[in-house]
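Using the hints provided, position chain F relative to the given structure of chain P.
Listed in order, the protein sequences are those of chains P and F.
Numbered by UniProt numbering, the letters in the first sequence go through residues 1 to 194 in order.
Numbered by UniProt numbering, the letters in the second sequence go through residues 1 to 426 in order.
These are calculated hints, taken from the structure and not from any lab test.
In silico EDC-like pairs for lysine to aspartate or glutamate, Cα to Cα no more than 20 Å straight-line:
(1) P:K39 <-> F:D40
(2) F:K334 <-> F:D197
(3) P:K39 <-> F:D42
(4) P:K63 <-> F:D42
(5) P:K157 <-> F:E289
(6) F:K327 <-> F:E307
(7) F:K396 <-> F:D136
Some chain P residues flagged as far from chain F (calculated, every beta-carbon gap over 12 Å):
(8) N2
(9) P64
(10) F65
(11) L69
(12) D71
(13) R74
(14) M89
(15) L98
(16) D114
(17) S122
Where is the CB? At the ideal position from N, CA and C, for every residue including glycine.
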Amino acid sequence: MNHDAYPDNYIRGILNSVKSIAMVGASPVNVRPSYFAFKYLAQRGYDMIPVNPGHVGKELLGKPFVASLSDIGRPVDMIDIFRNSSHIMPVVEEALTLDPLPKVIWMQLGARDDAAAAKAESVGIKVVMNRCPKIEYGRLSSEISWMGVNSRTLSSKRAPVPTQGMRLSLNRMSVGGGDTAASDRAAKNKTEQG
Amino acid sequence: MSDRLPGFSTLAVHAGAQPDPTTGARATPIYQTTSFVFNDADHAASLFGLQAFGNIYTRIGNPTNAVLEERVAALEGGTAALAVASGHAAQVVVLQQLLQPGDEFIAARKLYGGSINQFTHAFKSFGWNVVWADPDDISSFERAVTPRTKAIFIESTATPAGSITDIEAISTVARKAGVPLIVDNTLASPYLIRPIDHGADIVVHSLTKFLGGHGNSLGGIIVDAGTFDWSTGGKYPMLSEPRPEYHGIRLQETFGNFAFAIACRVLGLRDLGPALSPFNAFMILTGIETLPLRMQRHCDNAKAVAEYLAGHPAVASVSYAGLPSDKYNQLARKYAPKGAGAVFTFSLKGGYDAGVSLVSKLQLFSPLANVGDTRSLVIHPASTTHSQLDDAAKVKSGAGPDVVRLSVGIEDKEDLIADLEQALGA
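Excised from the complex, chain P in its bound form (with noise of 0.2 Å):
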């Protein structure tokens, strides 16, 4: 897998097949992305985890938090990871210990760790670095747009309107000629920089 840019049928696929994720790193604070991203993919119908050990005991917006992967004690099909590229692997190689082992392994915003993302595919999981699943739903079913955001999709279809707790349709047509090839360029120099 090329992971410096990744096909929106890749993505999709992802997003219309995972029903539960477990997100490490979540957090309580309400200006964090990680709790942006939690409540926004509760909203839109995913069984989603929280995963901090420092919060067990506590409840993020009803779900009760966990201290790591193997304390969920179900099958999860995706894991979500909030922490930097250098803290990863371990989380990574915890997953793969999990039995059954996740479907999709997903890396944030600015998380990018190759080698563990190799790791991960050598036994069949599907990994995503770098990017957000909120923004992901949000630009492929072009909810994101309401903030001039660019979904890279287009649709002749009546739009559904978003209720809370709705799944959206993500099946929209993809645009190339707006794509954010410049972008992922961008992040990969950083990377490799970094």
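Showing chain F alone in chain P's frame:
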């Protein structure tokens, strides 16, 4: 789903717009409302906290404007955009995110006269100090860089003479200096030049010109290329540091490669206030649907008119990058192969008086201070758009006393040439 990727003309018609969820209206509705209701207290809090996608108040965002924003972002190949009340407002909002009082930005000396005034006087009063460089001498940009430099600003196709800027060369200077390159792409439009493909980090437009295209609505827009890393060295605290306006959100960390567009919206537009009317957004959107058709006709007509003028005995010289003899022709072939735009200047052997006489005799060309209308326009820059510059600055920016500027419209070119013929000949 098809693998076929749509082209520029398809995006010009479709990007950002789909049938209205409630009514099925196919044209983008004009959401002429100041405010939008919240579902409940949590929804309101989520919107104000930037946690949810949605609308609050038209000074922050509006569904009609959002269609315009996504469309221009798609046409420019950017990650996001923000529409504002005018091209001037776009420049204020962009620089507010980048500069603190006492900082500097480097600007190409050849700019729209209104921008030269804005940078020299209005921005100076904010403590944003412009340092001028010569777009025909790339090393002058390198020499202008100091530790206080926060951005470089150029026009892709520069007013008044329609000269072409070497965007890639200047983007190399910007990258080396660690500052973003801002390109005003008003005169070219993304149909002719896409500055992001050549290294621009931010693109601004006066939508009033070719994008709107009909001379009926003011507007401006900021496009985020998503290419600049705002986190290095704490140079751009509006993007990299916790913002007290939003309880400590860090915009780059939260919004990634469209953080600059979000900063312009929630720190710029929200607090400075130059919102675009949804009605104007609708008019401009309608214009953009025919941008590829209009722009090609503008260019074809401009080339025919420039060739005619170049052969006329009363004309001393023509500055149009589309002419093979022009000093910018090589850059035009590289950056704008479909056409060199429709705004250019020529000078008359008869000097100032001949210019005044020509403008007064023209019947189809309208004497006014705009460009990028369907109609052909004419102006004498020295006495109008550039009149507030001193004489030396007028000549330096290509607006000497003998210079006449045309913005060639989409009429029949034979009629435009006949109009010039009668006005020059009599």
